[in-house]
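J.: Residue strings, one per chain:
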Amino acid sequence: MISSIIFTILLIGASAFFYINVKKIRRNILLGKNVSFSGSTSDRFKTMMLVAFGQQKMFSRPIPAILHLFLYAAFIITQIELLEIIFDGAAGSHRAFRESLGGFYTFMVSFIEILSVLAFIGTVAFLSRRNLLKVPRLVKSELNGWPKLDANIILISEIILICFIFMMNGADEVLYSRSLSHAKDLGEGTLGFSVSSHLGPILFGGMSDGGLHLVERVGWWGHFLMVLGFLNYLPFSKHLHIVLGFPNTYFSNLKPKGEFTTLESVTDVVAPNFDPAYVPKTDPNNPVRFGVKDVQDLNWKNLMDAYSCTECGRCTSACPQNITGKLLSPRKIMMDTRDRLEEVGKNIDANKGTFVDDGKSLLGDYIKHEEIWACNSCNACVQECPINIDPLAIIIEMRRYLVMEESNSPSELNTMFTNIENNGAPWQFSQADRANWINEN
Amino acid sequence: MSTIKVPTMQEMLANGETPEILFWVGCSGSFDDRAKKITKAIVRILDHVNIKFAILGSEEGCTGDPAKRAGNEFLFQMQAMQNINVMNGYNIKKIVTGCPHCFNTIKNEYPALGGNYEVVHHTQLVQELINEGKLKVTGGEFKGKKIVFHDPCYLGRANDVYEAPREIIQKLDAELAEMKRSKAKGLCCGAGGAQMFKEAEKGTKEVNVERAEEALALNPDVIAVGCPFCNTMMTDGVKHFNKEEKTKVLDIAELIATANEL
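These protein sequence lines map, in sequence, to chains A and B.
Under numbering that gives the first Met the number 0, residues 0 to 440 are what the first sequence spells out, in order.
Under numbering that gives the first Met the number 0, residues 0 to 261 are what the second sequence spells out, in order.
These are calculated hints, taken from the structure and not from any lab test.
For glycine and all other residues, C-beta sits at the position ideal for the given N, C-alpha and C.
Mixed in with the good hints, there may be bad ones.
[Claimed, not checked] Partial chain A-side listing against chain B, Cβ under 7 Å, derived: (1) THR261; (2) VAL269; (3) PHE273; (4) PRO319; (5) CYS374; (6) CYS377; (7) GLU411; (8) MET415; (9) PHE416; (10) GLY423; (11) ALA424; (12) PRO425; (13) GLN430; (14) ARG433.
Next comes chain A alone, as it looks inside the complex (with noise of 0.2 Å):
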């Protein structure tokens, strides 16, 4: 009853404080401009089920691919076992859904089981790749400090977790053989699951009938408070990609990506000189900047993309200006936006819910005018997005920030700029020279 009463209390807790921090991401992510979205809903959903649930665009890296799913599957299977632990935690029962599931709960643990052994190996290796075989994308110096321990936070959490899960499951396997077991009637027997059967004899079988029942009740609350501590820090770290993941590649760009926006507010401008009776589509009163200089700049959905980033660094493995040595790496300009935001959302917080300006932005602050020019435009970080993050479409905004608000770029674009101007080419060559090659040999 005691136990009960704790359990509830944690489960609130913890849920009221996982929404007040989603909420609050929530609010960063609408201090984005509205954007609008191309394509139907089935498109959408249907890029959503391949790239998010689906994985698809990992798998253009086997190994790190096959190592993702072993977690990605256990993750979503072990999903059903924790409404088991919600409910006997609430309710007082121990494995309430056995006796109506049958063998098919059997089922359900042991392939739980398989997954977790699987995701186990995973994790593990995930964490050499980043500890000990130092894999290039993931020790960028972009990582130094928390996002590095972000990471292995991550992974260890992961590894402890998986361990609850055998400590309960083997333990309660042990205890049955005993036929002490916490759940009523059993008699003597095996739980038959695939992993546990096994391996709780190994691990447990030599422990006392008192010893066993602590290491099932410490596995069991240990997953139980793992999954509330886990869920509470997603919020705080990289690996809210988990359920953003979804939303982000439901609002994929579903047009070519060779295909810039147009700024609407720029055509207002330019297009009465070719159509007098041209009408504007934005508000003449309230005018906006060009281009973006800090995160309130960018569209929601350029926000959704920093949170959503993962940090998994394939974007700046395969950028031809990082892999040359250049400053920029895509997956910094992401890390920059979300720090950014951050900070921006802490300072609405301290500020009775209005930003005070607080003499920073974006661009400057955190993301240097030379990673910005660098860029080819050449699309290969959106390319190896696996949830569809864009940053190239922060650094095209940002270039448009410097050109047109600061004209601030690099003096060999402002002559090429000069030149399509005065003779329609970006070198000095006469407009009505053209067509001279006809008759060169």
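With the hints as your guide, set chain B onto chain A.
T.: Leaving out everything else, chain B in the frame of chain A:
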């Protein structure tokens, strides 16, 4: 081009004629000495299959692509609207271009500003002509040669055109070699995003050297490209390794025109 007549839209209009297709030459194809050869190869192909085509000549202006990629949306839209005005004035329906940047911009970014045309890259047109039996190709001097294709970003990833250039190379009875980074994983030549017009930022290597190194590792006879900017970058990259005697950098249009002596 002494033997082939290349009419402008203005001349066509004056004669009361309408072309099937507008050949958008682009700035590089008009002014860059190397790219002009690609332009002429495309013209030879068009002439060979008797497609009635025209160019805009001095009425053509930069599509605005480099301005747009560099963040100058004002200049881009000025260029776009000027070009759209001209093309809509001639009632243009279909466009072929030898430059993936012009291709992408006109195809994807002009519609929002009132320019709606069917736009194809020259490799798509050539593939179509071969498939329809209008263009018969032989391998000629490229028969049995090892050809590696470098995907232009604005044809490949930007517009998902990967197969047309490859099918053409295979029609030449040549050995099509693939770099590890090809198709959707293709590495940029280093020119895109207006980098063509400025010095690179501080780093350890030039992008075109990185890419040329990858292509040359396959020891190809030809590095085939489909973009005048890739052509410049890859040519420079091959020169960097002093391999210009062994490995030529050629556009797909040049492969076709040369092999078939057009």
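J.: Hint by hint, say whether it matches the structure.
T.: Comparing the hints with the structure gives:
no. : hint   : in the structure
1   : THR261 : holds (4 Å)
2   : VAL269 : holds (4 Å)
3   : PHE273 : holds (5 Å)
4   : PRO319 : holds (4 Å)
5   : CYS374 : holds (5 Å)
6   : CYS377 : holds (4 Å)
7   : GLU411 : holds (4 Å)
8   : MET415 : holds (4 Å)
9   : PHE416 : holds (6 Å)
10  : GLY423 : holds (3 Å)
11  : ALA424 : holds (4 Å)
12  : PRO425 : holds (5 Å)
13  : GLN430 : holds (6 Å)
14  : ARG433 : holds (5 Å)
Hint compliance for this structure: no hint is broken.
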